[in-house]
Amino acid sequence: SQTIHQWPATLVQPVGSPLSLECTVEGTSNPNLYWYRQAAGRGLQLLFYSVGIGQISSEVPQNLSASRPQDRQFILSSKKLLLSDSGFYLCAWSTGTGRGGGEKLFFGSGTQLSVL
Amino acid sequence: GQNIDQPTEMTATEGAIVQINCTYQTSGFNGLFWYQQHAGEAPTFLSYNVLDGLEEKGRFSSFLSRSKGYSYLLLKELQMKDSASYLCAVRDRSNDYKLSFGAGTTVTVRA
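Line order of the protein sequences matches chains A and B. Sequential numbering from 1 applies to the first sequence in my numbering. Sequential numbering from 1001 applies to the second sequence in my numbering.
Rather than coming from a laboratory, the hints here were simulated on the basis of the structure. All values derive from a computational prediction rather than experimental measurement. Be a bit skeptical, because a hint or two may be false.
Stated by the list, open to error - Label-pair ranges, simulated between beta-carbon atoms:
(1) PRO69/A to THR1108/B: 15 to 25 Å
(2) VAL60/A to GLY1040/B: 18 to 28 Å
(3) PRO14/A to GLY1053/B: 44 to 54 Å
(4) THR10/A to MET1080/B: 19 to 29 Å
(5) GLY1015/B to SER65/A: 40 to 50 Å
(6) GLY1053/B to GLN73/A: 34 to 44 Å
By construction, the Cβ of each residue, glycine as well, lies at the ideal position given by its N, Cα and C atoms.
Build out the structure end to end from the sequences listed, making use of the hints.
What follows is the structure, given as structure tokens:
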């Protein structure tokens, strides 16, 4: 069966410090991978998605970047965190591009990031 | 982007029924999903609708009307564990088939 691992679960970082969140998927090949952010009281905002190794699409201009060094590994990074980067970060995967219609997202357990 | 609207909060009594409405605007509708999210946890998939009508899964049902840009999630025989946020999400061909999420409806079940 497929599983998705995301760590750490919680993180408190000072403004201006770097960030690295890692996500790995097991039990499937060539998944589509996603990073979402969820601010308090707001919907899930898609930050990045990837359909293959080294292929990253950015959804919104921001202080963050993403990389996919291996097929089932997705990393979210920042060189210098801002206060506005605080939020709940979720990694997710899906089996297809969505053109088939029914492909659903499977989410990791999330990282609660507090930038102080 | 897509405009997805759902109520912010709803409260109901254990054993009752609650209906969560979701309206959306999209130019290339390609499916609507409902997810459940308990506080501090990841969303989990509940249901998927792409054709008009009702999909039933145990205590949960989801309805879709594409012409009205409208869906609802019906929760029956509410249990305390159903207290959670319920997210409506729409897939759009014109948005490269990515999912866009509403802000979620927080349902509180009271004894």
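Okay, the hints, checked on the actual structure:
The hinted window of 15 to 25 Å between PRO69/A and THR1108/B is violated, with their beta carbons roughly 43 Å apart. The hinted window of 18 to 28 Å between VAL60/A and GLY1040/B holds, with their beta carbons roughly 24 Å apart. Judged by the Cβ atoms, the range 44 to 54 Å given for PRO14/A and GLY1053/B holds: they are separated by roughly 52 Å. The beta-carbon spacing between THR10/A and MET1080/B, approximately 26 Å, falls within the hinted interval of 19 to 29 Å.
For the pair GLY1015/B and SER65/A, the beta carbons lie near 49 Å from each other, so the given range of 40 to 50 Å is met. Between GLY1053/B and GLN73/A the Cβ separation comes to about 40 Å, which falls inside the hinted range of 34 to 44 Å.
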